[in-house]
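K.L.:
Fit chain W to the given chain Z structure using the hints.
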Amino acid sequence: MKNEHKNILIIGGGQASAYASQEIRKHDSKSTVTIVTEEKFLPYERPPLSKNCLVDKRKYEDCLFFSEKFYDENNIEVKKNIHINNIDFNKKIITGNSNCKLSYDKLLIATGSKNRELEFENNDLKNEENILYLRNIDDSKKINLKIKECNNPVIIGCGFIGLEIAASISQFEKKVTLIEKSSQLMGRVIPEEISKLVKLKHEQEGNIFFLNSNIKKIEKENKEFVITLDFNKEIKTDLIIIGVGSIPNTSVFENSELIIENGIKVNEFCQSSIEDVFAAGDVANFYHPHYGKYMRLESYKHAQNHGIFAAKNICGLKESYVDIPWMWSDQFDLNLQLSGVCDDYDDMVSRGKDIREGIIYFFLKKNIIHGACGLAIGGKVAKNIRLASKLSEKKIKISKEILSDTSTKLNKYL
Amino acid sequence: MSDDWKLVCKVEDIEMEDLIRFDHDDKTFCVYRLEDGFYATDGICTHEAVHLEEGLVMDSEIECPMHQGIFDIKSGKAVSPPACDDLKTYPVKVENEEVYININ
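If you're matching them up, the sequences are chains Z and W in order.
Numbering-wise (this note's numbering), the first sequence opens with residue 1 and increments by one.
Numbering-wise (this note's numbering), the second sequence opens with residue 415 and increments by one.
Bear in mind the hints are in silico, worked out from the structure with no lab data behind them.
Incorrect hints may have been included.
Label-pair restraints from in silico Cβ distances [as the list claims (entries may be wrong)]:
1. Z:Glu149 with W:Asp427: 37 to 43 Å
2. Z:Asn123 with W:Asp432: 39 to 45 Å
3. W:Glu512 with Z:Asp56: 42 to 48 Å
4. W:Glu512 with Z:Glu149: 34 to 40 Å
Derived EDC-like pairs: lysine to aspartate or glutamate, alpha-carbon spacing no greater than 20 Å straight-line [to be verified]:
5. Z:Lys412 with W:Glu429
6. Z:Lys80 with Z:Asp62
7. Z:Lys412 with W:Asp418
8. Z:Lys390 with W:Glu431
Examples of chain W residues toward chain Z, derived with CB under 8 Å [said to hold, decoys possible]:
9. Glu468
10. Leu470
11. Pro479
12. Glu512
For every residue, glycine included, the Cβ atom is placed at its ideal position computed from N, Cα and C.
Extracted from the complex, chain Z is given alone in its bound form (with noise of 0.2 Å):
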């Protein structure tokens, strides 16, 4: 690789951002390296947003990723505060708030996804301070201090934020009404039965769940609100937190020539339909070769290390993407494990009777795991989630009677 000088500017500051600097300077001393985000923090970690840091358990100033010191010695300038209004493919300038200005020979984009927004008839409602939604540190603030003083909260959208949040605030003893428009919890990618046994676990403590429910209107009394759902059942509430999912980061490029398909969409080089321009994390849709398919992941692995393949080959190394999708849930003591892909399969199994012990659902297309989904009272499945991924990405043919025996060890099949 040509180590001369280049300009590399990165423009948002999460997780993808902040291993692409670190990655870029293992191979290039010399460049400019810059992140440019809208956070007035340096990038840090959002998995505690939503459990740790709302029950107390985690500062939030012990979640960012990297310390100033680490930017500062390896030469990498973080510009906080920066809205981007404009961005110049041909000239390669990007513009913004504070008469920011800034060059680049190679662009990075990991603006993350931002919250899809709840449509309800009065709008005047949406700036209330009691109807919240999590992306940030400051709204993961507010909501630490709403969830103690809250009598009878309410979320809307059964995701994973939603129930993470839900556990957290039954931390506090107080028991939320949670209200989803689909049949079941977690999309139609989670299995239907560990979808009930996290349902179970949160009617256990307390929680209350509404589905096929669909929000007719929210209006607002006296300090209370009565939200109306479409069979006119009426729930009254004076805390509203809304997960109603994520959508790509992508309004600033909207009108420019980059291809925006569910996300910017790049190869599995991270390059995306202009020459110098990359994406990475949340923002991209990439091209996943090992499935042959498009695909964009909200997800804390994915975002790291997409970030670190864009900084390879941004860099020039030219080394293909082709991590086994990977994520995870903390609700209660609970631990739910995905990996790979897990609605486009031709068979399934599942391994193990319950969640003491870890209970797992295998999807294979093949005879190859394709997809799998476990459960468990702490980290019981992470072991055969990460064997899983590890069969799949060899394309290892394995049998249903194997993969469900769980006397039988799935190390020795690699």
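P.N.:
Here is chain W on its own, set in the frame of chain Z:
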């Protein structure tokens, strides 16, 4: 000095390419059995206070069950993010088919 060696288990209690958790006082350790012998590290991941006992042991490495940070078992070195601080390692010996760890 002999008091520094603590009995962990019998050799047969740890399968090849696997580990056993060992708690002593307020500390948790992991004792591993690899092809070329027994090794020990701290039992808690340096990244986010997670027990490593459910992690995958493979190719002389232990992978955290929570965030998949990876450590070299023999040196304790963090080899894959998000782990960046190394694990402390401890001497291990086998006597009369029993595994001992020196936790000082």
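K.L.:
Each of the hints needs a verdict: does it hold here or not?
P.N.:
Structure-based check of all given hints:
1. The hinted window of 37 to 43 Å between Z:Glu149 and W:Asp427 is violated, with their beta carbons roughly 51 Å apart.
2. Between Z:Asn123 and W:Asp432 the CB atoms are about 58 Å apart, so this pair departs from the stated range of 39 to 45 Å.
3. The given range of 42 to 48 Å is respected by W:Glu512 and Z:Asp56, whose C-beta atoms sit roughly 43 Å from each other.
4. Roughly 56 Å separates the CB atoms of W:Glu512 and Z:Glu149, a value that falls outside the hinted 34 to 40 Å.
5. For the hint linking Z:Lys412 to W:Glu429, the alpha-carbon distance of about 12 Å falls within 20 Å, and the restraint holds.
6. Taking the CA atoms of Z:Lys80 and Z:Asp62, the gap is near 18 Å; set against the 20 Å cutoff, the hint holds.
7. Among the hinted pairs, Z:Lys412 with W:Asp418 is inconsistent with the structure: their alpha-carbon atoms are about 36 Å apart, more than 20 Å.
8. The hinted pair formed by Z:Lys390 and W:Glu431 meets the criterion: a straight-line CA distance of about 16 Å does not exceed 20 Å.
9. Taking 8 Å as the C-beta contact cut-off toward chain Z, the hint placing W:Glu468 at the interface holds, the least distance being around 4 Å.
10. Here the hint on W:Leu470 is kept, as its CB sits about 5 Å from the closest CB of chain Z, short of 8 Å.
11. Given the 8 Å rule on beta carbons, the hint for W:Pro479 holds: about 3 Å separates it from the nearest Cβ of chain Z.
12. Nearest Cβ of chain Z to the Cβ of W:Glu512: about 24 Å, over the 8 Å cut. The hint is violated.
In this structure, the hints that do not hold are numbers 1, 2, 4, 7 and 12, in rising order.
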